[in-house]
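Protein chains: 6
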Amino acid sequence: MPLLKAVLIGAGHIADSNHIPALKQLSDRVDVVAVCSRDLIKARALADKHGIPSAFDNTTDMYRQCAPDLVVICTPNNLHFPQAMEAMEHGCHVFCEKPPAISAQNARDMANLAAQKGLTLAYNFQLRQTSEWSLLTRCQTDGLMGDIYHIKAHFLRRRGIPGWGYFTDKSMQGGGALMDLGVHVLDLALCALGYPVPDQVVGSTYDFIGRAGGKGLMGTWDPATFGVEDAAMAYLTFPDKTSIMLSASFALNTQADIDRNLEIFGRKGGANLFPFALHTELAGELADVHFPYLEEVDIQLKNTAAFLDACAGKPSNVCTAEQGAILQEVVERIYQSAAS
Amino acid sequence: MPLLKAVLIGAGHIADSNHIPALKQLSDRVDVVAVCSRDLIKARALADKHGIPSAFDNTTDMYRQCAPDLVVICTPNNLHFPQAMEAMEHGCHVFCEKPPAISAQNARDMANLAAQKGLTLAYNFQLRQTSEWSLLTRCQTDGLMGDIYHIKAHFLRRRGIPGWGYFTDKSMQGGGALMDLGVHVLDLALCALGYPVPDQVVGSTYDFIGRAGGKGLMGTWDPATFGVEDAAMAYLTFPDKTSIMLSASFALNTQADIDRNLEIFGRKGGANLFPFALHTELAGELADVHFPYLEEVDIQLKNTAAFLDACAGKPSNVCTAEQGAILQEVVERIYQSAAS
Amino acid sequence: MPLLKAVLIGAGHIADSNHIPALKQLSDRVDVVAVCSRDLIKARALADKHGIPSAFDNTTDMYRQCAPDLVVICTPNNLHFPQAMEAMEHGCHVFCEKPPAISAQNARDMANLAAQKGLTLAYNFQLRQTSEWSLLTRCQTDGLMGDIYHIKAHFLRRRGIPGWGYFTDKSMQGGGALMDLGVHVLDLALCALGYPVPDQVVGSTYDFIGRAGGKGLMGTWDPATFGVEDAAMAYLTFPDKTSIMLSASFALNTQADIDRNLEIFGRKGGANLFPFALHTELAGELADVHFPYLEEVDIQLKNTAAFLDACAGKPSNVCTAEQGAILQEVVERIYQSAAS
Amino acid sequence: MPLLKAVLIGAGHIADSNHIPALKQLSDRVDVVAVCSRDLIKARALADKHGIPSAFDNTTDMYRQCAPDLVVICTPNNLHFPQAMEAMEHGCHVFCEKPPAISAQNARDMANLAAQKGLTLAYNFQLRQTSEWSLLTRCQTDGLMGDIYHIKAHFLRRRGIPGWGYFTDKSMQGGGALMDLGVHVLDLALCALGYPVPDQVVGSTYDFIGRAGGKGLMGTWDPATFGVEDAAMAYLTFPDKTSIMLSASFALNTQADIDRNLEIFGRKGGANLFPFALHTELAGELADVHFPYLEEVDIQLKNTAAFLDACAGKPSNVCTAEQGAILQEVVERIYQSAAS
Amino acid sequence: MPLLKAVLIGAGHIADSNHIPALKQLSDRVDVVAVCSRDLIKARALADKHGIPSAFDNTTDMYRQCAPDLVVICTPNNLHFPQAMEAMEHGCHVFCEKPPAISAQNARDMANLAAQKGLTLAYNFQLRQTSEWSLLTRCQTDGLMGDIYHIKAHFLRRRGIPGWGYFTDKSMQGGGALMDLGVHVLDLALCALGYPVPDQVVGSTYDFIGRAGGKGLMGTWDPATFGVEDAAMAYLTFPDKTSIMLSASFALNTQADIDRNLEIFGRKGGANLFPFALHTELAGELADVHFPYLEEVDIQLKNTAAFLDACAGKPSNVCTAEQGAILQEVVERIYQSAAS
Amino acid sequence: MPLLKAVLIGAGHIADSNHIPALKQLSDRVDVVAVCSRDLIKARALADKHGIPSAFDNTTDMYRQCAPDLVVICTPNNLHFPQAMEAMEHGCHVFCEKPPAISAQNARDMANLAAQKGLTLAYNFQLRQTSEWSLLTRCQTDGLMGDIYHIKAHFLRRRGIPGWGYFTDKSMQGGGALMDLGVHVLDLALCALGYPVPDQVVGSTYDFIGRAGGKGLMGTWDPATFGVEDAAMAYLTFPDKTSIMLSASFALNTQADIDRNLEIFGRKGGANLFPFALHTELAGELADVHFPYLEEVDIQLKNTAAFLDACAGKPSNVCTAEQGAILQEVVERIYQSAAS
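Residue numbers (UniProt numbering), protein chains in the order written: chain A, 1 to 340; chain B, 1 to 340; chain C, 1 to 340; chain D, 1 to 340; chain E, 1 to 340; chain F, 1 to 340.
The set of hints was computed from the structure by calculation and includes no laboratory data. A couple of the hints might just be wrong.
In this list, chains with the same sequence are indistinguishable; a pair is considered to hold if it fits within one copy or across any two.
Calculated cross-link-like contacts (lysine to any residue; reagent style SDA-like; alpha-carbon spacing at most 25 Å) [unchecked claim]:
(1) 268 / 287
(2) 268 / 138
(3) 215 / 134
(4) 215 / 317
(5) 268 / 288
(6) 24 / 313
(7) 215 / 283
(8) 98 / 316
(9) 268 / 137
(10) 215 / 275
(11) 241 / 224
(12) 241 / 329
(13) 302 / 218
(14) 241 / 255
(15) 302 / 217
Go ahead and model the full structure; you've got the sequences and the hints to work with.
As structure tokens, this is what we get:
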């Protein structure tokens, strides 16, 4: 089977430390031929570092010269939509960083185009590849959970406003803690329920700490230009009466530096995801089950491989274009509820 | 100052172990003159046990013979409304067990009558008297919290469906985990925000475990007659954009036997209520403050005293008739949302 | 159904604190009519303390006057045999303290007579009634263990040579740590395997610390009259290739004051008994299962009830006469191996 | 003093990571001149990696060309015997990996030839060089233990069947968990007692988990070709009435991933080896002694040096040919007992 | 041997809960015949409670009517001197509460009179009877400590200003934390060194928290009348170059509610007293020795018995009149140093 | 601004691992031009390792050829005085390792010359740059401590006599544990009080363990040449009645390998330095404040920068010449008290 030709758009940290190493480890399936960035010097440097032949500062040249089979998009959120659409217009599969886009309509259009073109568009929610998530899925399959009816999902940082990049710029990122952190656990929660579209969405967003400034645990941020929410909370209900409680924060007056977890409640058993524990009844008694030897996995490598599986038409648990559109709609409805 | 004459309606556990001992310790302010119960034998036994002169099996005789100044209502939830209305019609102050009633309209009528008659009607939410709540209030007053904008409140039992009484009978109790447990932490959460009326209320209720049966940690329940929710979750938003996340359960597949807490997030500091901790910035650093020597208090005694203060027109932090009406409305809106 | 008439032989601690309270709680099934002891004053005092009508200093009078249905034997080990035989000759069921006897032949004769007379002879191994053992049994039944092939059983005290009674007198007790402590865990281990008769038995006994003296944690013992083993270890193999490792000590230079446990290894899962934990594979991963809410049970009450069930021909997990004979044979073979 | 000329037979992991680095650090006493392996490429690569001059694919050439003074044998267990015999026939001292051989007779023949030739034959039981074992020995010498009379020794893995090499091939290894792991703790236990020959040996072996397959913690094994025991238990008694309980497993349904320990019981004190603790009486009280600052030692380096000491006729605690023969006999008797 | 006739002066808590119960348990050696207090009602009530025949409100009558053999003094510190002198003038042995007196001269005079009269005067420092202190003494005797050269002694409370009695009244108590708490650990420290008279004494006292008020953990104190030190620190050196560091507080901004300990440093070993641990070298390694099973003792009973032993001329470790005089001199020199 | 020219005197570990790396990181402010050591080979090697141009074996040549602006002195304690004096005579600022000197007079002369010449002489007490000390200072400034009145400072090693260098040579080092370790915590304690000159100084020194030998945790020392104190304790009082308790040891029979801490007691709050905790009253309750996210800092880099700030006339918290003279006087008075 011939190798797929891949290009990356965006030459930042996530390309350098996540996507390129994963693609390189999958060199029996994919050949990385170019890096494209508005900043040619960055693109060139990254290409050289990883032994990638070409570097471009515009996609036009890149598509013409490389004719890639697939495109990995690692740019700010507001560029996901135009770049993914352009890539699909060139007949490329697309592996796009999360979140899908900065509006629900964009994500919907992206999904529609992918469907129309018969292309694979997928989003890089790597937590789906953790040992904990694999185990949760296995517990569901093996009937240890029973039907799931409620999920509490949170991804909270005490003072983790990133001090670099565009994370506090709403026009580029589309939002703050919810867009950057909340989507990870929201994606998992939706997965556990079968990715339904919610009935009701109610939510709140706050920016008090972000706009006041203070001690930073992930670099220092500028309160004056802080334009996104530092915390978002929401409640989702679904047609089958299941529900999700969601919390995400860049900054919140809580104890732990960082706290990321899902509590998943089913009729037979409940699970705590990080660290994994199963709470159920066994042998007629309430039982707590721990799994002490879960494997450490390279979640980016597994997710990139899952994307390649999807491109090849094989079963894959990568986040699909359709799921991305649903998730983006949920995010937008949370922001709308908070603003109303 | 002459002693107030008090009577109790209801001769169950809560009268015996909570209200009567508290009233007896406050014998310089109140004189317990009668116990009234549909079951005269129970009423008589309880009166004798505590040295209370009279016992009745109907309120008509009781009001005629005793002419009480105040009435303590310790009956099933569905009786709170008729008994409180009757008491106020007799010109009595009323100290009523929680929850206020089984419908919002009842609680509203009760509040209106109290206002109209100039009587004190109060509800026995004793957690307001814990050292932890006093300290939270003091932290708010001392400016250690800043404006509070979000609260996570939960009161969860893993398998704590009470195996006695009417707890699983909807017609008598009006509901399950939310009515019995959730109202305690909801009352505190509303207090922390100034008892506003919510804008939006969305919620869910479940009864899977209750109807399936299983291991009980508070006696054994009968799945066949289980008629209430075993879990309720809700999200409340308020006109000033503050919000509350609420969870309550009699049964849920979680780890702890029982878990009751409020996490209260303010602009300057956040607090964890049980056990109490304050998370803030101090001397330019993120700081966690613990208070190792909080006093053990008799919360029933303090709450009964607070009710007597209210009767006497003194400042009091007891749950007022108006607050009870708001809380009951919230509860009803949660049930309505869950049913819709 | 008429009440069974019960008498106790022996008026010591075990009668006073274990058997009589249990029998009294079972007053709907059994009526305790007499206590018999060589020391009439002790017998009288014990009978009075518990409201038992008669006291005797010889069994002849007792049998003649009381005509009991069942006899509970609470005397030193060397008396179990003659007293049980006499009781059965009088047509009585017998509930005998552990160990069955001080020789294998005695225990075999006792079992034979019980079988011949169609009477219930049972031994008071109460650990069979612990929540942990019930759970182990349930795990076996539910297929969570798989076939069990090896058991490590121990009951070790660091310096727990009893400073009272006849525990160090070989002629009365027949042995030391193995007779007093080891038999408890040996009985459970044999139960878990189906009470097979071993192929090979090899063992060792020691008395170095007992004869040297030292710090006592259960009273002070006299090294000069110390006549039993302070420690016994053994290995048992069975025809189906299963095996048991057994250790018991009154005194051993180990860390814990007291350490009593069984580790039970099966093909599918292994269990640790005290505290209970199950080690197995679940959902494709190695799993440790804990049961945090095991019930506290009155093991004497349950064991006495189990004996009464056996007398009534109902299913019962009490230690039978036949099992007692097998266990006593194992004990004797351990002593023989150690002495050879 | 001239340097001894050393050669290694076997070019696997143990040669590469243990023996050669140790020999190289002892370059003032020994000169490594060759590596010999059936696979010349492996031999050459290993020699080059460590700067060793010669590589051979047969011992004949090697002995002729190198005339070594000592041979280090790092091959599968079944080759220890022929290679050690050949080496001694060439007048070489032999440092042989554990276990000594795959039959008791082989190990006996090896010891006899060493004695006859006046050569040093020793086995690489490196745990003798741990700080814990040195301390145990010192405690014995200083009289803190008193005479030792019982030892519990175990080396248990929960799912540690090696997924590489020949560990599950009975013809090459001679056995499984006992041959690979059990011998380490058995050697120490025998040392503590003065390396006596046992009176009685009874044991059991199992292979249920190995043949059923499952989760592996040390690579994945093939249940179909699993030909050794996954667990072995044994009891040894000695002419002076001392005894040893031994357990070893590649796979057992227990909690810890790996658990290796000796509990050593003496008349005055008892010791736990890993981690080291002494349990005794001091100042008239029961005392637990911990030694918080034991030195980390390079046990291979110390054991190789001990072998060289033995070659030079100096005092040494390396495992001797005679001890190896006794140990191998014990192992064989355990297998025989298990098979009978 | 005839019983000694004892009387108590002082009818407060320490008499009621410590001295009388101890004396009553020693009824084979001593007969308590009277209680004497300025407040006859209190004296009478206490006497009745414990079955003591007589009660007095003046010592004159008491001595005349009772002719006691020994007197137990349980009054405020300033009365120890006159009452002890009077008792000895009446030929009585004296068992006096700590501290000996409120001035060094008083304590010296008391010791002199005792010596002159040949009477036993002793002080009730009960910590000398703890298992920990007995063990320390035994470790010294057994040579496990070596010569002791430095001791750190402290008795610190965070907010433990007693809210009752005369503890903050300097005229009655002579001082605060040092007089009440510090003397306990100072007495032990001096004992460990052989009760030498110090060369140099330098110290400091503070009263900032006591005079400022605040949260109380042992009742509430009145800052306005707070007349003693809330903290005292001192350093003592002795002619043989040994030294003591001493700290005592009623109130200090430290973490623990209460912290009482001695660290005792010797040439061979060091000991921590509460909880007891020995730090030494054993078997060539640094060793920490713990004694997990120290006996719980009734230290008042043992100290009263030790006093009676002293009266009978038997060996006794009770604090002697001479030791009390030395201790009181040290206390006075600390206060003088602090004031200079 | 032109770069300052720096030279180092002394080519040992502290120069190599602390001073040169710090100076190199500050290359925008300082240029290291030479290393000077009596041993030219060492000087040359160190210079080459760090890319420093010149190496000298005498200061005369060094001053003539390099004309440095500042000198860093990293030699044994007895050379600090002559080398610092010479440096200042050459008009150089001096950054001198701690302690300042081996006599109070030397340190006083050094301070006087610095003042007279208008040069910066500073000592390298880097603990002043720890996050903990910065936070303590900030707490003082923010009024969280109140006036500080007592400090307990200790720096204790159990068996940490350095096995290398001159640490046990009194003529070169001037002393032992106090000179090497005690000065660090003494400097901080004096800082917290404003660096007052004490009223009274009383102290003790010991050398029992050092002269006896034993297990070493920082290399092995020679008891025969051990010429310094292995432990020193002292008490200091100041004109304003504040006080310091000081302990330092190379060897002491205590539990922890190493224990370094200051407990600082103020009127409002007390602080524990390592790890940092604040103990105070907040919201009317006793409160313990922890700061979980203190920054890890390069304390040598910060201290060298602070020295350069001082040279440039900027505010700096480096230990000044005057403070060094006071500290050295305290050390000398402790030794004098111990010797008297």
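Outcome of the hint check:
In the homo-oligomer, the alpha carbons of residue 268 and residue 287 lie at most 25 Å apart both inside one protomer (11 Å) and across protomers (18 Å), since each shortest distance falls under that limit. Taking the shortest Cα distances, residue 268 and residue 138 sit within 25 Å of each other both inside one copy (14 Å) and across copies (19 Å). With identical chains, the CA atoms of residue 215 and residue 134 are at most 25 Å apart between copies only, with a shortest distance of 15 Å across copies and 37 Å within one. Taking CA atoms no more than 25 Å apart as the test, residue 215 paired with residue 317 passes between copies only; the shortest distance there is 23 Å, against 39 Å inside one copy.
When the C-alpha separation of residue 268 and residue 288 is checked against a cutoff of 25 Å, the pair qualifies both within a copy, at 13 Å, and between copies, at 18 Å. When the C-alpha separation of residue 24 and residue 313 is checked against a cutoff of 25 Å, the pair qualifies only within one copy, where the shortest distance is 21 Å, while the shortest distance between copies is 55 Å. In the homo-oligomer, the alpha carbons of residue 215 and residue 283 lie at most 25 Å apart only across protomers (10 Å), although the nearest pairing inside one protomer, at 50 Å, exceeds that limit. In this homomeric assembly, residue 98 and residue 316 come within 25 Å of each other (Cα to Cα) only inside a single copy, at 17 Å, whereas the closest approach across copies is 48 Å.
Taking CA atoms no more than 25 Å apart as the test, residue 268 paired with residue 137 passes in both settings, with 14 Å inside one copy and 22 Å between copies. Proximity of residue 215 and residue 275 under a CA criterion of 25 Å is satisfied inter-copy only: 20 Å between copies versus 28 Å inside one chain copy. Within a single copy, residue 241 and residue 224 get their C-alpha atoms only as close as 42 Å, which misses the 25 Å cut-off; across copies the closest is 22 Å, which meets it. Taking identical chains as interchangeable, the C-alpha atoms of residue 241 and residue 329 lie at most 25 Å apart whether they share a chain (19 Å) or sit on different chains (22 Å).
Proximity of residue 302 to residue 218 under the C-alpha cut-off of 25 Å is restricted to the inter-copy arrangement: shortest distance 22 Å between copies versus 27 Å within a copy. In this assembly of identical chains, the alpha carbons of residue 241 and residue 255 lie at most 25 Å apart only when taken from different copies (24 Å versus 32 Å within one copy). With identical chains, the CA atoms of residue 302 and residue 217 are at most 25 Å apart between copies only, with a shortest distance of 21 Å across copies and 29 Å within one.
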